[in-house]
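**Q** Given the coordinates of chain A, work out where chain B should sit on it, guided by the hints.
Chains as they are written, first to last, in the working numbering: chain A, 8 to 248; chain B, 885 to 972.
Quick caveat, the hints were computed from the structure, so don't treat them as lab data.
Certain hints may be false.
Claimed, not checked - The following label-pair restraints were derived from C-beta to C-beta distances:
| hint | chain 1 | residue 1 | chain 2 | residue 2 | range |
| --- | --- | --- | --- | --- | --- |
| 1 | B | Ala923 | A | His147 | 22 to 32 Å |
| 2 | B | Leu922 | A | Leu207 | 18 to 28 Å |
| 3 | A | Asp89 | B | Ala892 | 23 to 33 Å |
| 4 | A | Val203 | B | Val888 | 32 to 42 Å |
| 5 | B | Asp886 | A | Pro93 | 17 to 27 Å |
| 6 | A | Val111 | B | Leu912 | 35 to 45 Å |
| 7 | B | Ala924 | A | Ile23 | 42 to 52 Å |
What the hints assert, rightly or not - Listed below are the simulated SDA-like cross-link pairs for lysine to any residue, each with C-alpha atoms no more than 25 Å apart in a straight line:
| hint | chain 1 | residue 1 | chain 2 | residue 2 |
| --- | --- | --- | --- | --- |
| 8 | A | Lys85 | B | Phe940 |
| 9 | A | Lys86 | B | Glu931 |
| 10 | A | Lys85 | B | Thr938 |
| 11 | A | Lys85 | B | Glu931 |
| 12 | A | Lys187 | B | Ile946 |
| 13 | A | Lys187 | B | Val891 |
| 14 | A | Lys150 | A | Phe160 |
| 15 | A | Lys187 | B | Ile905 |
| 16 | A | Lys187 | B | Gly911 |
| 17 | A | Lys187 | B | Gly904 |
| 18 | A | Lys187 | B | Ser934 |
| 19 | A | Lys85 | B | Val955 |
| 20 | A | Lys150 | A | Ile133 |
| 21 | A | Lys187 | B | Ala899 |
| 22 | A | Lys187 | A | Ile206 |
| 23 | A | Lys86 | B | Phe940 |
| 24 | A | Lys150 | A | Leu231 |
| 25 | A | Lys187 | A | Ile211 |
| 26 | A | Lys86 | B | Thr936 |
| 27 | A | Lys187 | B | Met893 |
| 28 | A | Lys86 | A | Phe160 |
| 29 | A | Lys187 | B | Ser957 |
| 30 | A | Lys86 | A | Val225 |
| 31 | A | Lys187 | B | Ala894 |
| 32 | A | Lys187 | B | Leu935 |
| 33 | A | Lys85 | B | Leu935 |
| 34 | A | Lys187 | B | Ile908 |
| 35 | A | Lys86 | B | Gly942 |
| 36 | A | Lys85 | B | Thr936 |
| 37 | A | Lys187 | B | Pro910 |
| 38 | A | Lys86 | B | Ser934 |
| 39 | A | Lys86 | B | Asn933 |
| 40 | A | Lys86 | B | Asp930 |
In this text, a Cβ means the ideal position worked out from N, Cα and C, and glycines have one as well.
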Amino acid sequence: MEVVALNQISPDQVVIWSWEFITLNVTILYTWLVMAILVTGSWLVTRRISSEIHVSRWQHFLEVVISVIRGEIREMTKKGADDYVPLVGTLFLFICVSNVLVIVPGFVAPTSSMTTTAALAACVFIAVPYYGISRNGIFHYVKEYFQPTFIFFPFHVMGELSRTLALTVRLFGNIMSHEKVIGILLAVTPFLFPVVMQILGLLIGVIQAYIFAILSMVYIASALSAEEEERADVKKEGSPA
Amino acid sequence: MDSVSIVAMASIIGAGLAMGIGSIGPGLGMGQAIAQALAAIAQQPDERNSLTRTLFVGLAMIESIAIYCFVISMILIFANPFWSHVIK
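Chain B on its own, in the form it takes in the complex:
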């Protein structure tokens, strides 16, 4: 196997692993956050506005972890920096 196909294979597998493993944690975290926020809103409907705003900010924080994984997998697939070393 030459180096071009090794880099291609490693990039594709790495992109898939990054996306797959990297979205487990944020998925669990967002699920917990939404469940807690729903319980809180059900208990105190008057505080709905501030709860929703805090929930959105928190979700954005959690989601950014999954977004990092996604950006890295997109870079590995579409804008791979290692190609230039292999393809002369």
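For reference, chain A alone in the conformation it holds in the complex:
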């Protein structure tokens, strides 16, 4: 069952339904599907949430997922993780679910379209100054762009833009390339070898979701950390020791 043909580079080109200027393509449809799975799944589990000793197995599952995500984030920021779990955890879960569901026949990963990954990277692009300003104030955040001298301002801006582009293209390229590789292998060596590649694809999908979340956390942490070091320096100079 092939939804996206081999010579179509993006599932955006497969339009299912259109009315006037509104078009519904495969990417939007499967994004909605992944969103629905995540929302209804967590709603069903957290509907009967309990703090007893005996909890349901699905609550156990969600608790394990959340605690792993919080542990990873806490290791990176070295302090509280609760501010960042909503954004980074959602990014991870969305990308992970949409990458893993690829094994379902007929499913097209929304992350194999550049529009989806660009939207996710734009979330990170906006979140970095949001967390930076809300933690350190707008003056200190903007001052970071002029470190060490004002000449470096365009390079800082270029760095922000290019890492957003890198986030976009990395996820898109990995997932899209894997679909194309499986499509080509199906034509060359059918039946057994594509299955092995599908299993490899599951691994790659989870790793890419992990990398996307970790990298966005690194970028957010980089906007936070500079001020902390400065404070530490001031404290060191001020202390009599």
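**A** Just chain B, lined up with the frame of chain A:
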């Protein structure tokens, strides 16, 4: 040779060259990074978690170069912007 076949030939050869030359550097770099990380993990198994995380982030950075080459070769083959100039 008309312009259509010149564009087609240049696109296909360019895609192959982009993929072939472009994956040499990331391949060498990833090999070095993994070798160093393995040596570090073998010396300090306690630091395995942070080493692995840093390794994955670094590998993603290196790999993105090869991914750029791949995306460009896919664009050249499947979504070539120069076709519209040639085919009227």
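**Q** It remains to establish, for every hint, whether it holds in the given structure.
**A** Cross-check of the supplied hints:
no., hint, in the structure
1, Ala923(B) x His147(A): 22 to 32 Å, "40 Å, violated"
2, Leu922(B) x Leu207(A): 18 to 28 Å, "21 Å, holds"
3, Asp89(A) x Ala892(B): 23 to 33 Å, "56 Å, violated"
4, Val203(A) x Val888(B): 32 to 42 Å, "39 Å, holds"
5, Asp886(B) x Pro93(A): 17 to 27 Å, "57 Å, violated"
6, Val111(A) x Leu912(B): 35 to 45 Å, "37 Å, holds"
7, Ala924(B) x Ile23(A): 42 to 52 Å, "50 Å, holds"
8, Lys85(A) x Phe940(B), "19 Å, holds"
9, Lys86(A) x Glu931(B), "19 Å, holds"
10, Lys85(A) x Thr938(B), "15 Å, holds"
11, Lys85(A) x Glu931(B), "16 Å, holds"
12, Lys187(A) x Ile946(B), "21 Å, holds"
13, Lys187(A) x Val891(B), "23 Å, holds"
14, Lys150(A) x Phe160(A), "10 Å, holds"
15, Lys187(A) x Ile905(B), "20 Å, holds"
16, Lys187(A) x Gly911(B), "21 Å, holds"
17, Lys187(A) x Gly904(B), "17 Å, holds"
18, Lys187(A) x Ser934(B), "33 Å, violated"
19, Lys85(A) x Val955(B), "36 Å, violated"
20, Lys150(A) x Ile133(A), "18 Å, holds"
21, Lys187(A) x Ala899(B), "15 Å, holds"
22, Lys187(A) x Ile206(A), "15 Å, holds"
23, Lys86(A) x Phe940(B), "22 Å, holds"
24, Lys150(A) x Leu231(A), "13 Å, holds"
25, Lys187(A) x Ile211(A), "14 Å, holds"
26, Lys86(A) x Thr936(B), "20 Å, holds"
27, Lys187(A) x Met893(B), "21 Å, holds"
28, Lys86(A) x Phe160(A), "29 Å, violated"
29, Lys187(A) x Ser957(B), "13 Å, holds"
30, Lys86(A) x Val225(A), "14 Å, holds"
31, Lys187(A) x Ala894(B), "22 Å, holds"
32, Lys187(A) x Leu935(B), "32 Å, violated"
33, Lys85(A) x Leu935(B), "16 Å, holds"
34, Lys187(A) x Ile908(B), "21 Å, holds"
35, Lys86(A) x Gly942(B), "23 Å, holds"
36, Lys85(A) x Thr936(B), "17 Å, holds"
37, Lys187(A) x Pro910(B), "21 Å, holds"
38, Lys86(A) x Ser934(B), "16 Å, holds"
39, Lys86(A) x Asn933(B), "17 Å, holds"
40, Lys86(A) x Asp930(B), "21 Å, holds"
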